[in-house]
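S.K.: Read off the chains here:
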Amino acid sequence: MPELAERMLAHPFLAGFEPDDVERLAAVSVGPIEWPAEAIVARTGAVADRCYLVERGDLAVEVQRPGRPPRVIQTVNDGEVLGWSWLVEPYRWSFDVRSLTPTTAIELDGPALRAAMEADPSLGYRIVTRFTAVMAGRLEATRLQLLDVYGTRD
Amino acid sequence: MALATESTVDPMVPVPTTIVDRWDETDDTFSLSLAPPPGYGFEPGQFNMLYAFGVGEVAISVSGDPASHGRLVHTVRGVGSVTKRLRDLVPGDVIGVRGPFGNAWPVTAAEGGDLVVVAGGIGLAPLRPAILHALAHRDRYDRVVLLYGTRTPRDLLYADLLSEWRGRFDMEVLVTVDNASQEWRGSVGVVTKLIGRAPFDPKAATVLVCGPEVMMRFCGRELRRRGVPTDRIWLSMERNMQCAIGVCGHCQFGPVFVCRDGPVFRYDDLEDLLEIREV
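Those protein sequence lines, which keep their order, are chains H and E. Residue numbers are given in this note's numbering: position 145 of the first sequence equals residue 164, and the series is strictly consecutive. Residue numbers are given in this note's numbering: position 218 of the second sequence equals residue 852, and the series is strictly consecutive.
Hint data in this document are derived by calculation from the structure and do not stem from the laboratory. For glycine and all other residues, C-beta sits at the position ideal for the given N, C-alpha and C. Among the hints, a few may not be true.
[Stated by the list, open to error] Using 20 Å as the maximum straight-line C-alpha spacing, the simulated SDA-like pairs for lysine to any residue come out as follows:
id, chain 1, residue 1, chain 2, residue 2
1, E, 718, H, 170
2, E, 837, E, 864
3, E, 718, H, 169
4, E, 718, E, 661
[Stated by the list, open to error] Ranges between beta-carbon positions, derived for each pair:
id, chain 1, residue 1, chain 2, residue 2, range
5, H, 50, E, 795, 40 to 46 Å
6, H, 113, E, 725, 49 to 55 Å
7, E, 661, H, 53, 38 to 44 Å
[As the list claims (entries may be wrong)] Pulled from the structure, derived: some chain E residues nowhere near chain H, Cβ distances all over 10 Å:
id, residue
8, 665
9, 675
10, 725
11, 774
12, 812
13, 879
14, 908
Same shape as in the complex, but just chain H (with noise of 0.2 Å):
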């Protein structure tokens, strides 16, 4: 297997793929990016045609406010998928994403990605489902956020 499916295999996004279908998944992949420290990684409105395989490293989702400073909604970091507005028209980037620290991650291209899913359904199943679960807690993260839980009781 070639190494960078070596490393896609080992991620844990892609954790209980087939290798045949990780191999797949290399065929389509950029290859390995890294970004040094306060590198702007994505732009809000800009073409989103990348996603992620975060490795090593932090990322910083930001959200731009206009006229006040921006605020840090989220981070991804060691082990997670940074990236699913490739999957979903527009296809644009909703936020900012910057590093925090150096970063590895492996790039995926989202319009090759997304021939592959349509030329074998069942692939594009996998993928969808894994991305999915990844929605699904952020989401559920994200209404944990809204409740404010550590707020004062009202």
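Assemble chain E onto chain H, guided by the hints.
M.R.: Relative to chain H, chain E alone:
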């Protein structure tokens, strides 16, 4: 009711106790250091009833070091009439103390495995004695892990102590906040997210959880997902405790009284109750 010592002849009679020191922890939270009555002792997880004369009583967990017999520390959030009165007191003032009441964190039963502490907001206060106990007997545990979540970086409780703990080589400390400005370099997200990242053996860990009830409910689910047996997860519950000896019924939680049967409960004893809104 488990009493570490018989500190009062009658558990309903407050003992006048002098405030030795007080300091702010965060914008709305402060700590009181009291001169404990002779012979007073407590176990990690127990609470006292603090009486602000003329205003009322409130149940507050002991947050200090169980090995420090010379001072009795409570960390309080000033949000109600009693706690706001306590906030305004100064060294030399006297309050009434009843206790200690309630059961304790299972720090002895946890020996031999990993000890994982999950705290949310001021929930770190009742857990601090357990952490201090574990660090004082460090050789009795494998990994000692603290997962702490709070609202913003400004709301971090015991910030200096957290820094000290993070600097140790024999303890893992992961901190997250619900939201932050760009100056914050740490994790942003709910504390449940830390559970999946934390280095511990789920099959050999004892997990102590304290925080808002909603947080504990989701932590329980996440710990179960991680593979921690439900009989090794412990929660500290908060209810309206008034008598502290299981008589008045104000703190009833389904079939139990939190003051008498808790405040520390095994997760699998409460799991179903946590989902019932009428409780």
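S.K.: All hints, please: hold or fail.
M.R.: Here is what the structure says about each hint:
Restraint check for residue 718(E) and residue 170(H): satisfied, since their Cα atoms lie roughly 16 Å apart, inside the 20 Å limit. With a C-alpha separation of about 10 Å, the suggested pair residue 837(E) and residue 864(E) falls inside the 20 Å cut-off, and the hint holds. Between the alpha carbons of residue 718(E) and residue 169(H) the distance comes to roughly 18 Å, so the proposed pair stays at or under 20 Å and holds. Of the pairs offered as hints, the one joining residue 718(E) and residue 661(E) holds, with about 13 Å between alpha carbons and a cut-off of 20 Å not exceeded.
Our hint of 40 to 46 Å for residue 50(H) and residue 795(E) holds, since their Cβ atoms are close to 44 Å apart. Restraint check, residue 113(H) to residue 725(E): a C-beta distance of roughly 52 Å satisfies the suggested window 49 to 55 Å. Our hint of 38 to 44 Å for residue 661(E) and residue 53(H) holds, since their Cβ atoms are close to 40 Å apart. The Cβ of residue 665(E) sits about 18 Å from the closest Cβ of chain H, beyond the 10 Å cut-off, so the non-interface label holds.
Against the 10 Å criterion, residue 675(E) stays outside the reach of chain H, whose nearest CB is about 31 Å from its own CB. For residue 725(E), the requirement that its beta carbon stay farther than 10 Å from each beta carbon of chain H is met, with the minimum near 26 Å. Chain H leaves residue 774(E) outside its interface by the beta-carbon criterion, the shortest separation being 30 Å against a cut-off of 10 Å. Not every Cβ of chain H is farther than 10 Å from the Cβ of residue 812(E); the closest lies at roughly 5 Å, contradicting the non-interface assignment.
Residue 879(E), annotated as away from the interface, keeps every beta carbon of chain H farther than 10 Å; the closest lies near 25 Å. Distance to chain H confirms residue 908(E) as a non-interface residue, since its nearest Cβ pair spans about 14 Å, more than 10 Å.
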